[in-house]
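Student: Chains as they are written, first to last, in the numbering used here: chain F, 339 to 761; chain Y, 308 to 361.
If you are wondering where the hints come from, they were derived from the structure by calculation, not from laboratory data. Among the hints, erroneous ones may be present.
Said to hold, decoys possible - If you anchor each label on the Cβ, the simulated ranges turn out as follows: (1) F:Pro696 <-> Y:Thr357: 53 to 63 Å; (2) Y:Arg316 <-> F:Lys648: 53 to 63 Å; (3) F:Lys648 <-> Y:Thr320: 54 to 64 Å; (4) Y:Arg354 <-> F:Glu752: 43 to 53 Å; (5) Y:Ala361 <-> F:Ala362: 24 to 34 Å; (6) Y:Ala361 <-> F:His600: 15 to 25 Å; (7) F:Asp382 <-> Y:Arg354: 25 to 35 Å; (8) F:Ala543 <-> Y:Leu350: 24 to 34 Å; (9) F:Gly646 <-> Y:Thr320: 50 to 60 Å; (10) F:Gly747 <-> Y:Arg316: 46 to 56 Å.
What the hints assert, rightly or not - Computed from the model, here is a short list of chain F residues facing chain Y with C-beta under 7 Å: (11) Ser397; (12) Leu399; (13) Glu478; (14) Met483; (15) His511; (16) Gly514; (17) Met518; (18) Gln538; (19) Lys541; (20) Trp545; (21) Met557; (22) Asn578; (23) Leu580; (24) Gly596; (25) Lys661; (26) Phe714.
We put the beta carbon where it would ideally sit given N, CA and C, even for glycine.
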Amino acid sequence: MAENQEVIRTPDYVSGPLSEDEKARLREVAAYWTEVAFRSTPIDEAKIVPAIQSLYVASGLSAPQVIVVSSPLVMAVAGGFASAIKQAKAEDACLKRISDASQKKPFGPLEWQVVQAVVSALTGSTLPYAPPGKDSPIPESRPAMARALAETIGGKGALAKAMIQRMREWEQHYQGGNMMAAWPSYLCGLRDVLGLRLPQAEKFAAWEACAKEGGFRWMGDDFCMVSDFPAQRIGMDASNRLHNEDGPSYVFRDGWRGYHIHGVAVPALVVEEPQKITVSMIESERNAEVRRVLTEKYGAGRYLVDCGAKVVSHDEYGILYRKEQLDDEPLVMVRVLNSTPEPDGTMTRDEAIATFGPAAHLAAKATRDTRWKEYFLRVDPDLRPMRADGWRGDPQAPTARNAVASTFGLRGEEDGYAPAFES
Amino acid sequence: MDTPPRSSREATTPPWSDIPYMRDDRVLIGMEECGVAREWIGLWMHREVTRELA
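Next up, chain F with everything else stripped away, as it sits in the complex:
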């Protein structure tokens, strides 16, 4: 495309490079929609209901019954259940089962959110939206919860299976609402910054309102279930992966939540009670990504020592450990002692000498009251020299000296190489 392309800005066509002013204004549009995507203030039924109804009408459909639900999870389960029940024309039988079950035993908070939404869809009379709160307990297994609920509502036959099947097909029926903010961001940028006035404007106006005012939505023929926003801002890292070191990465007002470390889904304990992670927990974890997180939280060096990893070399530079791992590369680390004492060191001089032996030659010359710090350095499993730009050299023999050298991008046998580890 030519660099001096003509700039065209007309209501029905735009072309040509963006000016600096346009870029700045587009960044504002993007920032606005990013905040919409992260919205955590409660859904406003007075706004989302007409927005969704107008989206259907603008698309040539009848305005549906709009049912606000507490989370995308409830949306997927209740939307699928209600759709399957209505298709089977089993509304009356299912409502009776729900009534009978609720008299025998109260539903749990999350289950109740599903049941309420299903009852609303089956009766055509929307029950008030009342989420139980983000601290509500949730069933340990959500698939098991869904299966049990399907049998409670649909009976132990073909209908329950159809309800589960329709639930699993949820993505064929959903739109992302505020969480799919890219398209509205594009369209608003084209409209508000570049001045496009498109024939699709009417439909898009309704779409835009739905994106601002609601979350995920299950688009049925005569009902639409739309999710509330999360109860707090979703946690993400700089690479746009779900992430929160201090709590759930997302949590909704019905208690449904997830925990993630840099995009890896982990059990709640890993984030909420990392002190309870054990060596056996790490070693029994079959998912390599989760095992890496568990190891990091436990402390990789501490793990190597506590699990009895093989010492493959112990020389005057440190101690080299190696631990084979299922479906992952071996964990290889060199344990070194800082070359100078430190007031907040975790080891006494005598402890340093006892642990490091020949690698504690500097500590051995120091006074008895000095304190020392140890460090664990992750190295390439083949001790290839590593540089910050990603370059890796050839493999080296497994010695602690070579391992320390590799962390500086060097080989242990290089002339004049005499590292003294300093933090």
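Knowing the structure of chain F, use the given hints to seat chain Y on it.
Tutor: Just chain Y, lined up with the frame of chain F:
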């Protein structure tokens, strides 16, 4: 189970591919440079719901 009922999803989705700016790579790329194309939260939440119901 019979064929699933018609989903209103398709009928209510705007015809994104008809939008004229798609003819101009420079405009599209310029907008992406400005960070407009942010889909990540929705994709993650989609994955979460799928994972939770597997």
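Student: Evaluate each hint against the coordinates.
Tutor: Outcome of the hint check:
The beta-carbon spacing between F:Pro696 and Y:Thr357, approximately 54 Å, falls within the hinted interval of 53 to 63 Å. Judged by the Cβ atoms, the range 53 to 63 Å given for Y:Arg316 and F:Lys648 holds: they are separated by roughly 55 Å. Against the hinted window of 54 to 64 Å, the Cβ-Cβ separation of F:Lys648 and Y:Thr320 comes to about 57 Å, which satisfies the hint. About 47 Å separates the C-beta atoms of Y:Arg354 and F:Glu752, a value consistent with the hinted range of 43 to 53 Å.
For Y:Ala361 paired with F:Ala362, a C-beta distance near 44 Å fails the hint of 24 to 34 Å. With their beta carbons about 21 Å apart, Y:Ala361 and F:His600 fall inside the hinted range of 15 to 25 Å. The given range of 25 to 35 Å is respected by F:Asp382 and Y:Arg354, whose C-beta atoms sit roughly 27 Å from each other. The given range of 24 to 34 Å is respected by F:Ala543 and Y:Leu350, whose C-beta atoms sit roughly 25 Å from each other.
Distance hint check for F:Gly646 and Y:Thr320: the Cβ-Cβ separation is about 57 Å, which falls inside the suggested range of 50 to 60 Å. For F:Gly747 and Y:Arg316, the Cβ-Cβ distance of about 53 Å falls inside the hinted range of 46 to 56 Å, so the restraint holds. With its C-beta approaching chain Y no nearer than about 4 Å, F:Ser397 sits inside the 7 Å limit, and its interface hint holds. Annotation: F:Leu399 was flagged as interfacial toward chain Y, and the flag holds, the nearest CB pair being 6 Å apart, inside 7 Å.
The interface hint given for F:Glu478 is broken, as the beta carbon of that residue sits about 12 Å from the closest beta carbon of chain Y, more than 7 Å. Using the Cβ-Cβ criterion of 7 Å, the hint placing F:Met483 at the interface with chain Y is not satisfied: the shortest such distance is roughly 10 Å. A hinted interface residue such as F:His511 counts as satisfied when its beta carbon comes closer than 7 Å to some beta carbon of chain Y; here the least separation is about 5 Å, so the hint holds. The interface hint given for F:Gly514 holds, since its Cβ lies 4 Å from the closest Cβ of chain Y, which is under the 7 Å cut-off.
Checking F:Met518 against chain Y by beta carbon gives a least distance of about 4 Å; that is within 7 Å, so the hint holds. For F:Gln538, the interface hint holds, the least distance from its beta-carbon to any beta-carbon of chain Y being 5 Å, beneath 7 Å. This hint holds: F:Lys541 has a C-beta 5 Å from the nearest C-beta of chain Y, less than the 7 Å allowed. Below 7 Å, beta-carbon pairs count as interface contacts, and F:Trp545 has one with chain Y at about 6 Å; its hint therefore holds.
Checking F:Met557 against chain Y: minimum C-beta separation of about 4 Å stays under 7 Å; hint holds. Checking F:Asn578 against chain Y: minimum C-beta separation of about 4 Å stays under 7 Å; hint holds. Given hint, F:Leu580 at the interface with chain Y, holds; its Cβ is 5 Å from that chain's nearest Cβ, closer than 7 Å. Here the hint on F:Gly596 is kept, as its CB sits about 6 Å from the closest CB of chain Y, short of 7 Å.
A least Cβ separation of about 29 Å between F:Lys661 and chain Y goes past the 7 Å threshold, and the interface hint is therefore violated. Given the 7 Å rule on beta carbons, the hint for F:Phe714 is violated: about 32 Å separates it from the nearest Cβ of chain Y.
Against the hints set out earlier in the document, violations occur for numbers 5, 13, 14, 25 and 26.
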